[in-house]
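**Student:** Chains Y and H, in that order, give the protein sequences. First residue of the first sequence? That's 12 in the working numbering, and the numbers climb one at a time after it. First residue of the second sequence? That's 5 in the working numbering, and the numbers climb one at a time after it.
Calculated from the structure, these hints are not laboratory results. Don't take every hint at face value.
Said to hold, decoys possible - Only pairs whose alpha carbons sit at most 25 Å apart, straight line, appear in this in silico DMTMM-like list of lysine to aspartate or glutamate:
no., chain 1, residue 1, chain 2, residue 2
1, Y, Lys230, H, Asp43
2, H, Lys264, Y, Glu127
3, H, Lys254, H, Glu232
4, Y, Lys229, H, Glu30
5, Y, Lys110, H, Asp43
6, H, Lys71, Y, Glu134
7, H, Lys236, Y, Glu113
8, Y, Lys231, H, Glu360
9, Y, Lys158, H, Asp63
10, H, Lys14, Y, Asp25
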Amino acid sequence: MKFTGTDSYVATEDLMVAVNASIALQRPLLIKGEPGTGKTVLAHEVAKALGKNLIQWHVKSTTKAQQGLYEYDAVSRLRDSQLGDDRVHDISNYIVKGKLWEAFTADSSPVLLIDEIDKADIEFPNDLLQELDRMEFYVYETQQTIKAVNRPLVMITSNNEKELPDAFLRRCFFHYIKFPDRDTMQQIVDVHFPDIQRDLVREALNIFFEIRDVPGLKKKPSTSELLDWLKLLMVEALPVEILREKDPKKLIPPLHGALLKNEQDVHLFERLAFLSKRERT
Amino acid sequence: MFTNFFYELKKAKVPVSLREYLTLLEGMDAGVPGYRIDDFYYMSRCILVKDEKHLDKFDKVFGEVFKGLEFMREAEDAEIPLDWLQALAEKVLTDEEKKLVESLGGFEKLMETLKQRLEEQKKRHEGGNKWIGTAGTSPFGNKGYNPEGVRIGGEEKGRQGKAVKVWQNREYKNLDDTVELGTRNIKVALRRLRKFAREGAETELDISDTIRSTARNAGYLDIKMVAERHNKIKVLLFFDIGGSMDSHIKMCEELFSAAKTEFKNLEFFYFHNCLYEGVWKDNRRRHNDKTTTFQVLHTFPHDYKVIFVGDASMSPYEIVYPGGSVEHWNEESGEVWLKRTLDIYQKAVWLNPVPEKHWDYTPSIQIVRQIFTNRMFPLTLDGLDRAMRELNR
């Protein structure tokens with residue numbers, strides 16, 4: 012069982028080794044990288060390539076570790092007791108399973124994606140140490156131990172908003188998705204738009220890497236933005252000439268809204284365009 | 005098998021533990037990397053390195069330990085540290101210096117030799133009389149004795165004294181917030197600032213309200229929920245960095261480390277000597293990644309508490325006059341910027357690492373103290389305590 016990328020996802024060699032090592036040694040894999048370099052998509056693609064189910068746990072700032080295991084719905088039990096419902100005698104009726112429980116008891120080993128773990132409270136990763144290490148946890152209400160039948164492949168993504176605790180890191184494998192170089196980027200574009208014009212891509216990539224090189228941009232455009240932009244260019248059926256045009260009046264690339272995501276960046280870019288125009292005249 | 009590798013990593017300050025080492029062996033045992041050195045490199049990297057900031061150190065150690073394996077490309081070993089070249093680019097020669105350069109066959113020649121040597125040289129160098137490095141006698145490097153030397157980076161101690169203009173790019177170390185030693189006391193002092201409030205999603209059962217409502221509801225349960233308690237305090241921290249602050253760096257690191265864990269809503273910025281129109285968050289990119297002070301003042305609402313940390317020791321011009329800054333031309337004086345900040349944020353203090361008894365001898369400290377209407381406190385536990393009380397009033 013080896014992951015070698017899919018027909019819709021270009022995996023670099025180091026990424027493949029990292030994924031395969033975490034499969035072989037059954038450790039969680041922590042993925043970091045610039046936003047939009049395909050961290051979340053990786054889990055989808057790994058699941059697809061290995062023919063596994065994907066269980067997604069999307070972490071928010073209010074998410075508690077316990078919610079991933081199970082929740083005891085005491086309030087509805089209390090209400091049921093008031094109304095004289097018979098269900099009330101069995102406590103297991105009020106245990107709501109979380110994503111980890113779901114992943115542990117799945118028939119075949121699934122891929123469990125814990126998305127954006129850095130969004131949660133600082134203590135969140137610490138609360139999951141044992142559960143991810145031993146792949147089991149204890150349900151106090153029903154006094155049973157839930158143990159993983161087939162250890163799921165755990166993938167965790169982080170955007171670096173918070174530092175993760177050392178104890179947690181020690182249990183994970185780590186991979187940092189580098190921003191793809193030009194060749195890899197070309198491959199990625201080829202995979203996503205197989206019948207796009209070659210020269211359109213070349214011009215678009217030129218502009219794209221130029222924009223990324225502009226110093227002081229708040230949010231550099233990344234892979235996903237490039238793909239969106241190319242899609243727009245194709246939908247609008249813009250001819251290549253427009254991209255190639257070096258008319259100083261039109262230095263802002265067409266449909267730039269897909270690449271530059273805040274108005275300061277657009278202003279900065281306009282200012283630079285203005286400056287270079289002045290230099291030429 | 006790889007014990008040497010493991011210890012070299014530890015020596016290079018890559019945080020690795022026994023656990024990771026055992027995992028690496030387990031991985032080798034399971035035959036994950038096969039028989040390719042590239043795969044071994046990738047696997048050991050993903051097991052041993054847990055943060056992208058250590059990747060560079062790891063690569064270096066890996067290259068050294070497994071040198072015989074011909075894995076690392078030769079060229080990478082000889083890569084020239086970026087800061088050297090940057091400093092080189094910044095170097096502006098005066099006429100006097102240019103004349104001196106003639107003695108080595110002209111500027112062009114000098115630069116050429118320099119480039120040649122940089123290429124030959126493979127490691128950072130200290131001492132010696134040929135290679136580029138620090139404290140040598142070769143014409144290239146820093147703190148050298150050859151008068152026609154080209155200075156690369158670095159800051160001369162002693163000669164500078166009270167600088168009037170320092171245009172040279174200076175590299176400052178980012179504050180390290182991993183210092184744990186001695187931060188506990190500071191944390192306890194900072195704890196005074198805590199203010200709990202219930203905000204956000206209602207997730208907790210409010211027992212007293214539930215009982216009251218249930219009684220009113222003729223005994224039928226009426227559940228009431230409240231939001232969880234959170235520390236609501238919001239803090240904006242401005243750190244003076246570099247120059248005369250270097251001698252206080254340890255104390256500041258401790259404070260920074262404590263504050264970072266204590267306050268969830270903490271925003272910090274760096275400045276140099278006095279607050280002007282720009283502040284920055286990352287010292288390595290301070291020259292091209294500045295935030296305008298106006299943006300900071302407009303972004304954070306007035307209920308933020310503001311803490312300045314700095315020694316306030318500078319020439320009074322730097323505070324009072326436009327253009328007084330040692331690093332750049334400032335349109336408006338530091339005083340204007342400090343007052344502007346104080347107008348918005350009612351709760352603000354200045355923490356000063358200089359002992360309180362010396363304050364009277366430095367005019368600039370007195371000026372800053374006046375601007376802050378006496379809300380300047382020494383950076384001691386007691387001073388911190390007083391400062392927090394002031395912020396909480």
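**Student:** All the hints need checking, so say for each whether the structure fits it.
**Tutor:** Status of each hint after checking the structure:
For a cut-off of 25 Å, the pair hint linking Lys230 of chain Y to Asp43 of chain H is broken: about 33 Å separates their Cα positions. Of the pairs offered as hints, the one joining Lys264 of chain H and Glu127 of chain Y holds, with about 21 Å between alpha carbons and a cut-off of 25 Å not exceeded. The hinted pair formed by Lys254 of chain H and Glu232 of chain H fails the criterion: a straight-line CA distance of about 36 Å is larger than 25 Å. Simply put, Lys229 of chain Y and Glu30 of chain H have alpha-carbon atoms about 43 Å apart, too far for the 25 Å limit, and the pair is violated.
Simply put, Lys110 of chain Y and Asp43 of chain H have alpha-carbon atoms about 33 Å apart, too far for the 25 Å limit, and the pair is violated. Between Lys71 of chain H and Glu134 of chain Y the alpha-carbon distance is near 41 Å, which puts this suggested pair outside the 25 Å criterion. At roughly 35 Å between alpha-carbon atoms, Lys236 of chain H and Glu113 of chain Y are farther apart than 25 Å, so this suggested pair is violated. For the proposed pair Lys231 of chain Y and Glu360 of chain H, the alpha carbon gap of about 46 Å is over 25 Å, so the pair is violated.
For the hint pairing Lys158 of chain Y with Asp63 of chain H, the CA-to-CA distance comes to about 39 Å; that exceeds 25 Å, so the pair is violated. Distance check on the hinted pair: Lys14 of chain H and Asp25 of chain Y sit about 23 Å apart at the alpha-carbon level, within 25 Å; holds.
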